[in-house]
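Q: Residue numbers (this note's numbering), protein chains in the order written: chain A, 1 to 413; chain B, 1 to 549.
Everything labelled a hint here was simulated from the structure, so no lab data went into it.
Everything numeric in this text was worked out from a predicted model, so none of it was measured.
Do not rely on the hints blindly, as some may be mistaken.
Said to hold, decoys possible - Partner residues aside, some chain A positions facing chain B, computed with beta carbon under 8 Å:
| id | residue |
| --- | --- |
| 1 | Ser-14 |
| 2 | Thr-40 |
| 3 | Asn-47 |
| 4 | Pro-74 |
| 5 | Asp-75 |
| 6 | Leu-129 |
| 7 | Trp-263 |
| 8 | Leu-266 |
| 9 | Leu-270 |
| 10 | Met-412 |
Here a beta-carbon is modelled for each residue, glycine too, at the ideal position from N, C-alpha and C.
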Amino acid sequence: MAATILKEDGAYHSFCGLTCVGWLYQKIKDSFFLVLGTHTCAHLLQNVLGVMVFARPRFGVALIEEADLSKPQPDLAALIDEIVADHHPSVIFLLSSCTPEVMKVEFEGLARSLSRPDLPVLFVPASGLEYTFSQAEDSVLQALLPFCPMAAPDDRRVVFLGSVNDAIADDFRVEATRLGIPVAGFLPDNHFSALPPIGPATIVAPLQPYLAKVAGRLARERGATVLSSLFPFGPDGTRAFWEDLAAAMGIAVDLRERERQAWERLEPHLAILRGKRVLFTADNLMELPLARFLKNAGCTILECSSPYINRKFHARELAALDGVRIVEQPDFDRQVHDIDLLQPDLVISNLATTNPLVGRGVVAKWSTEFSFMPIHGWSGAATLAGMFTRPLQRHRRLDPLAHDPVWLAGMMS
Amino acid sequence: MRLALWMYQGTAHHGVGRIANSMRGVHAVFHAPQGDDYVNPIFTMLERTPDFPRMTTSIVSGRDLAQGTVRLPETLRKVEARLHPDVIIVCASCSTILLQEDLERIARSAATRAEVLVYDANPYRMQEIRAADGLFDLLARRYARAQSLTPAPSVNILGPASLGFHNRSDLICLRRMLATLGVQVNVVAPQGASVGDLERLPAAWATIAPYRELGQGAARWLEEQFGVPALTDAPIGVQPTLGWLGRLVETLNDVGARNERRPAPLRMPPLTAFSLDGMSAPSAVPWFARTADMESYSTKRAFVFGDATHTVGMVKFLHDELGMQIAGAGTYLEYEAAWVAQQLAQYLPQDGAGPQLLVTDVFQQVAQRIAELSPELVCGTQMERHACRKLDLPCMVIAPPTHIENHLLSYRPILGFDGADTLADEVYTTATLGMEKHLIDMFGDAGLEYGETQGKGGVTEEERAGTNDGTQGAEGEAEHSRVNSSSSHPTTTSPVHPVWSGDALVMLKKVPFFVRGRVQKNVERYAAQHGYATITAEILIEAREALGG
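The shape of chain B in the complex, shown without the other chains (with noise of 0.2 Å):
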């Protein structure tokens, strides 16, 4: 048994949650205590939807055991009674899955006139994002029909889904590109589908999948039943965007050779075309990147953590297109590591047995990683970027879970030629500048030492934006301030721990605050490596000497 204190992913009903409140005419029932509900304010809170999201809890009480009362059928009633979905899906949770009750027949006597799906998504053996991609795989086989293609090319856009990461902008990027190609989507979902677009899947050319995490098995299973080829890449960077198109074009046209009525093939437009303005290049990242100012990103080394998906895209896309070095990246997804390691294995830095991809799902393990490679990037979860906080790095977020400010109103894709403009510019925002840092780096005195006790910018907003709680706010400052007194104090050490003389310390206290702490333990690491118990002046210029900075 362990001490569970940060949960990377939902629980099943929660994944089951984001199908039915992703689709139109769907609707989810819990059978579960009233404190399942819980998943509900994510919705409303994150989303702010406007309406109520499509998930009943059909309350089970402590009375209702000790009774026998099952109230499912009268929920059941209820909910078409007063919303007339066409499906409805029913499912435990992690109390009422041990009472073993044949949820079938229950659900069959409520006589509903809207379907009844009983889907078995035991929370011990499933969390969220597997929940969710099975039970749209489900829904996917149940309803899509076989029928003719459609007469223009088309897609299907497989994945956007209820408290995705960014999918709201990812669909209206991937709407514009098809747009430019001339191409139709036939149907997208879950987000916004109802069960007779679920019909309708076969119908198209080819159906986008981008994200692993949802859609792929759906769209993997179109193409073998109905012939519909899948395209399952994530066009995350330029260059992936550009063979992404390509691919897609190529596609769609054998599917269109095939044709008897033959189309007329398509063709890829000039790339300014993909533009905002149609008239620019499709993104400023490769200008970008050229850039004199870009220049100092090929020395800084980035971590990467979180789903599979948005791991490898953004380790390839700092690697390949910003020229940053990767120290690192791992995934909560244990199912995916394999596949994880197998795309970036040219990527991480061999570490003797070769590649170290950290795999994990307790957060303290990836704090750790992060506090022993003290890199000049973190892209994580909201988690990294508190842990980011407490060590001083700058993190941006890359992948869920997230926090209500990863649910931000504008237009920020991570996909496509725009997602790649808005990965560079977060990256470049959230990353220490170049030519400053020089400066700051070569007098160590900029007036910023203020920031020692205020903490990099006394970036707070997560607790003023918190969800709900009034007394967060307050929490959250005495949290940030009590970690940053102690920030030069990093939390991995050598076993061995050389002392600072005092010549050595006042000469240390001239680096810039920022980046004390990491060049205090990387001396005390060279220190330690070569045999000295104190660090004198000259150690210090000599290791400083060694280590190259």
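Chain A with its partners taken away, still in its complex shape (with noise of 0.2 Å):
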């Protein structure tokens, strides 16, 4: 089945890629994040991701001043000095930002003339002018591919792509050996020595939806197979991820009765979830498995956008969401007109938009929270359903007030 992707212009709200910064510096325990970049990429580090407050980060901004514009390449090798100095680090993420690209900084040869024979320098494509948001960590985890051992031609194991933090890891370990699934590792793991060996016999089995061009590079440069299955989001998801990676693996297991479980369990949510009419507005590319939890959940959904849809990784997904409307790159200015004609229960949208939205009188809830919240897998049903509910039922709770303009009087002159 092939849904119909409907593609716009592009003009939605969401963040340039160096916003991953934020959690993969805490992922990768011995990395540095350098960004050569402007006062503009500090101030949104900042402000966005409230995280540069924080004694001695483990990224900063190489900042490029008027005086360096004119330079052909920015000399970087003090910096880096400075940075082994105060935290010697394993690795070195170098990530380009709009300024230097336009500038045609020759990041490659950069990268390479900074690197040490101890001290990888790596190139990491991020600048708001080609990517969105979480897609940058596939460009972080492209950058570490080769770094990844070559795994012996038998070593027939899985190798979980995507960051997930300690406690999500720990329990897809815990399942796969419940299921007999060999675990090879993650990619990326808590340290850049602790990268997963890779090769012709891996499963690589993607955890998070916005890694497609990793997963393709590892398909060719590897010869792994990476599992085409949905992400394993709720619990139809983890049921469809866990089935298709045992099958992967030549094992058969039979997760039915799991999974009716794991809806029985959600059940005081689906009661609120179903019936429900829900909107995707584009921003954290994690759009098509939540749409799809919410649909199987009982929900209709208007539209579920994404920045970035690739047919052939996000295959399944789209299958699951046969005859909704999916669009790619929206207009986020066509979505509101839709969004005041239509009176979604809930619209999942960017921080930008989220308070104007509810201010429109429509329940929105903030869809840059899913990228820091533990939704994966069995366990992280609940947390998923919850995200969903919560802002539902709170204005429930809350609605008498709402639709008398006099409490917005003068919040916005």
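With the hints as a guide, bring the two chains together.
A: As structure tokens, then:
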């Protein structure tokens, strides 16, 4: 089944790829993320992620100032010394941003020239000219790819793809062991030195839906098999994920009962979700699996928009969303018009647009938050469902005053 | 090239967005990559705007650059169709400005009915504050029209703006004082002003522009061009407010005296008329400062850091009205350094060459100065609050940049009599108390020792109230405990580092934990100065006698 994907002008609200630093610097504990950028990049990270205030974060912006604009190649050697002295990282990720892209800084060569035998400096394309939000994690993992050891041709184990926190990683290890699936590791792991071996017998199981390119490269360059399944969100996705992964390993498992029980436990949430009309405006690149979960939970998906859709990597999710209006690179103005017209029960939207949408009388929820919550697998299902039901319940509790505009008077002159 | 970790100001296009979002019928369009749209949530999150902020990013993608596509005209037409603004301000971003496109020509090609102004906000030459002030100045000059004065005495209030520091409360406070005087408000701008309002600016009898950072250029221009006198001092504190009221009345009466219709001169009403209930003192600060409880503030030293207006106002208030000592001050606005230094010449401690004003936008240098001074109160920005948490020093936020916690719902002005009360309360609740402190100092055991591991009050509210990031709380906690475990070792140490003998260390442990770090450092400095390699109990006593505590 080939779903129809509408494509619009891309005037949606989201963040640039640099925001992936916010979780990846914490995930890869012996790393440093160096953005070659301007005051704008620093102001972005400071405000949007609110993380720059910590004493010595393992990331920073090499600041391009006016005098640097005329230089052909920036000189970062002194900064690298400073970073090494302060942080002793095992790897430095050098992220591009819009200005050096426009200046045509030759990043590959720059990263190579800054690399030291014991300290690789890896170029990560992340600029807002090309990359949206979590998409830049794909670039980081691609940069790590050459450092994954080559696995033996008969090493038939799974590598989970995508950054998840330790608790989720433990969950997936335990679950795999229970099903008899041997685990080679996670890409990324918590440390640069602990990257998993990947070879022709490896099964790569993507945990995050925004990693199409690195998955493709793992197949091409290492001959690995990329699991084509649903992403492990919600009881439906989690069951499909594990059954398909086991099948790829030659193991037959039947998780129907497990899924039934998982849905049963979600019943209080499902009672709220059933029949609700939901619209995704596009932001975190997790929209397809999230909408598919809601559809299976009994919601009507009015529109599922995402900044980037890959027909191959997202094939199963697209098939599961058959009949749903799917838009890539949507036009936010058109969406607001549709929201006014359709009055969805719930809109999932970027940080910038959520409060104004609430101001228009719809219940809206931050899409950004889904990137930072443990919503994977069997154990994440309740958290996932709760993220949709909490705003619905809350607005229902608070409702009586919402429709009289007097309570918004003066809030925006 | 330097490593940037924290910015005291936003970018130029953020400044442009602040002006557009303040005004009605004005919309900003950023010719920029999608990433530059990040300024949008600063408004919707901090100010919780119930409508879309008045700014749109006209997206420039890598593909557009490769294909030569320019979406700006289409964006301008869409903005016009959707919002019908009177003026659209177009500006480039740090990346698109390098493309050297003729934005004037491109914008003209959109053929919008709305006026389109291309604002040359070079992000490599100006940051948020100058970009905002420059744009407002430009708009005022463009739209103000010569006209006769309003029949009754009236003023313009220039400066309040979107994301300004306590601007909403300041505006309420100014309006209350003006109403008490019987003075009408002609135009408030940029907050809430339309282009039509800017046209009416010259009808006012005077202009109030209390913030150095925004509106004073326009106020002075109105004075030069139309003879509308500008009152550009900030009424921060009770005495400055009294002086300001006096000058305002005098200024308006001068204008009135030249008026052919000879209006009755304004008179200062009894001061109680300025209080919230109309019967009390307009501010409780003069009495509060004289109460016995506040005597201990004579020995408290404060360090103040921020923008120009609030740094100067706060230093004077702490010194003149609360009777505190000033340990030092500074600003991140380099171009205002001369004015701040001149204003504070009599307030700053003389340090050999003269008063030392710290002028820097590198937050680590500010943190280092605070660590060196170990003051009893720090007034700073959100960044100093973080620095002070690590140093275990009390800090209050008196200037932007702010955190969501500085955008509270209640009436908390900085200006006027009400502002003096707000500031005094904030100082009082931030600094360590008086009598209570004596008791703790005297006996050293108030059961507070748990604080040593937990940190002062275990304050992590900024993480809890963080803008978006679910992982932020955990990160903050971790950082907090890590920092506190080493908080007894201040970051700055003298080159000669005396060692502590066992008996002296036992005595040091008896000093209450929240002053122990400072006592330790002072004694170490004393020992180093006097050439003692080991601090014994005798030397500790000698040092405490010499240092007076």
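Q: Which of the numbered hints are not met once you compare them with the structure shown?
A: Failing hints, ascending: 7, 8 and 9.
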